[in-house]
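Undergrad: This is what each chain is made of:
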Amino acid sequence: MTRTQTLAPKPSQGFPSREGKSMLFDPSLPRNRINKLCTTVAGTFATIAVLPLLLVLLYVLWNGGRLISPQLFTQLPPAPGMEGGGIGNAIIGTIIVTAIASLIALPVGVGGGIYLSEYSRSGWFAQAVRFANDVLAGVPSIISGVFVYGLIVATRLFFNQSYSAMAGGIALAVLMLPTVIKTTDEGLKLVPQELRWGSYGVGASRFVTITRVILPAAFTPIATGAVLAIARAAGETAPLIFTALFSPFWPEGIFNPIATMSVLIFNFAIMPYEAQNALAWTASFVLVVMILGANLLARWIARAARP
Amino acid sequence: MTSDVAIPRADAFTLRRRPASERLLDIGFRQLTISLAALVGLVLLAIVLTVFHGSQEAMATFGLKFLTTSSWDPVNGTYGAFTAIYGTLVSSLLSLLIAVPLGVGTAIFITENLIPKILRDAIGLMVELLAAIPSVVLGLWAIFVMEPFLRPFLNFLHQSLGWIPLFSTPAQGPGMAPAVLILVVMVLPIITAISRDALNQVPDELRQGAYGVGTTRWGALFSIILPAAVSSITGGVMLALGRAMGETMAVTMIIGNALNFSFSLLAPANTIASMLANQFGEADGIQVSALMYAALILMLLTFTVNVLAQWVVRRLSLRY
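Residue numbers (this note's numbering), protein chains in the order written: chain A, 1 to 307; chain B, 1 to 320.
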């Protein structure tokens with residue numbers, strides 16, 4: 001027998017500690033039982049957290065997906081109590097209103113973000129703008145609707161029209177703006193300082209440096225943020241219900257009320273007619289597919305650009 | 001000495017002046033970005049002024065009694081927002097009470113190495129995608145799937161615990177309880193995402209140190225890791241509270257929009273946001289002003305909570 005063998009404890013006895021207790025892992029100890037219990041609880045919580053997404057997706061796919069047909073995209077919603085019909089006007093309306101919002105919010109947001117990151121990182125004005133931006137990001141979406149109602153709809157600002165696609169687009173733009181500014185600001189900050197120095201070093205002006213060197217280098221985070229902001233805006237309802245309103249007809253220009261998918265879902269969900277409820281599910285399906293698609297696209301952009 | 005290095009003529013180094021057009025472009029671009037940045041502040045100011053201006057009439061008529069009375073009567077023109085304010089606070093606080101343990105627990109589950117990384121990433125992705133589902137779609141789901149499914153359980157609560165005022169009415173459809181549950185679904189992704197980032201930022205040395213002195217995983221979590229992350233998590237919870245108070249569509253569709261006050265969680269109720277969504281389109285006269293007043297209160301509530309959230313994150317963060 002060697003020396004080490006006599007010193008080593010037999011596995012069944014465990015490692016003797018000072019109190020003579022085993023120091024091997026003992027699952028019946030209170031601390032280990034608590035450990036196990038906590039892990040189980042956390043696992044249960046994670047399961048519960050994932051469950052709503054799966055259930056919502058399942059029902060939207062089942063209730064909405066099975067009604068998908070070509071006429072859905074080409075027809076108007078039926079009158080209450082009638083069968084059939086489609087959501088063609090709402091799909092076009094959502095695209096128009098979201099496009100108006102993007103045309104306003106993207107230039108303003110990227111411009112503001114450029115100022116924050118490239119011209120004034122820590123001045124009092126930049127700090128104030130950042131604070132205002134954070135506050136604006138926390139403003140409830142319905143307030144943006146109330147604001148545009150008070151500013152544009154009630155005052156009939158555009159060609160004496162009250163409710164209009166334009167008003168809806170502006171309300172959505174107010175919601176998109178903070179996201180775009182924030183992602184632009186943070187995306188530009190990630191651009192290495194050496195790129196700026198290099199550009200100034202070869203004699204480029206600040207304008208050329210920003211537009212030809214810095215912005216292309218930060219394209220990925222800005223594009224990701226923009227896609228996510230657009231996707232969020234497309235699903236927003238609260239700012240639209242009393243700005244863009246709804247219309248049972250095809251869009252009649254951007255200064256008239258317009259149908260959108262999100263408002264269609266809201267209006268048709270609370271109607272007591274089955275045909276309308278079915279259209280609400282179908283519109284949900286189209287909207288969810290578009291939005292999840294945009295989200296996955298944004299993720300893909302972010303991943304594809306990573307070295 | 002060989003000093004025959006070619007010395008360039010002096011005028012080769014004279015500075016080229018930038019053309020005026022280039023300088024103008026530079027200055028113009030700077031001014032443009034400044035004005036675009038200022039637009040953010042202007043929009044915020046315009047929102048506050050518009051809502052404040054709109055609420056003047058109701059403020060003058062009802063004063064602070066608006067906050068404490070609960071009669072909302074368009075026929076007689078008397079308005080009090082107590083029901084809606086109470087509904088806003090109760091629905092958001094109750095939903096946080098449920099969502100905080102769920103969200104933080106999920107965040108722990110997907111940051112600690114309890115399960116394989118691919119599963120953790122999948123759960124994280126799913127919770128993030130949940131945040132992308134539009135509110136109105138969740139509302140539709142709540143109306144047609146969740147509420148009918150829950151109703152027997154809620155009625156069971158009423159039958160067995162009906163003597164408590166909170167469960168004193170039978171569940172007949174839309175009400176506070178389903179609204180709270182759909183709010184849980186909506187704020188869960190925010191709490192999970194922020195807690196997850198907070199836990200990921202805790203330095204690994206703290207974990208290793210804790211395990212090194214022989215604590216268990218949950219011992220380390222409760223006494224080392226969670227305290228180190230608590231400020232960010234608190235900030236995230238406050239942000240979620242702000243979001244829950246302002247959340248409109250799903251709540252509007254499932255809360256029942258009752259104008260009269262009830263303590264029961266199973267009865268229809270109202271929040272400021274859902275009241276706005278329901279009545280703003282058809283309101284006129286002093287009702288618009290009363291709704292603007294309510295909107296102003298909602299803005300003040302969310303503003304306070306959001307500023308507090310930023311303050312918490314900035315001031316309470318541990319230096320480790």
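Any given hint could turn out to be false.
[What the hints assert, rightly or not] Derived contacts from chain B toward chain A, CB cut-off under 8 Å, selection only:
id	residue
1	LEU25
2	ARG30
3	LEU44
4	VAL51
5	PHE52
6	PRO74
7	LEU94
8	LEU97
9	PRO101
10	LEU114
11	PRO116
12	ALA220
By construction, these hints were calculated from the structure, which means they are not laboratory data.
Idealized CB from N, CA, C, for every residue including glycine.
Undergrad: Are there hints from earlier that the structure breaks, and if so, what are their numbers?
TA: Hints 5, 6, 7, 8, 11 and 12 are the ones this structure does not satisfy, whereas the remaining hints hold.
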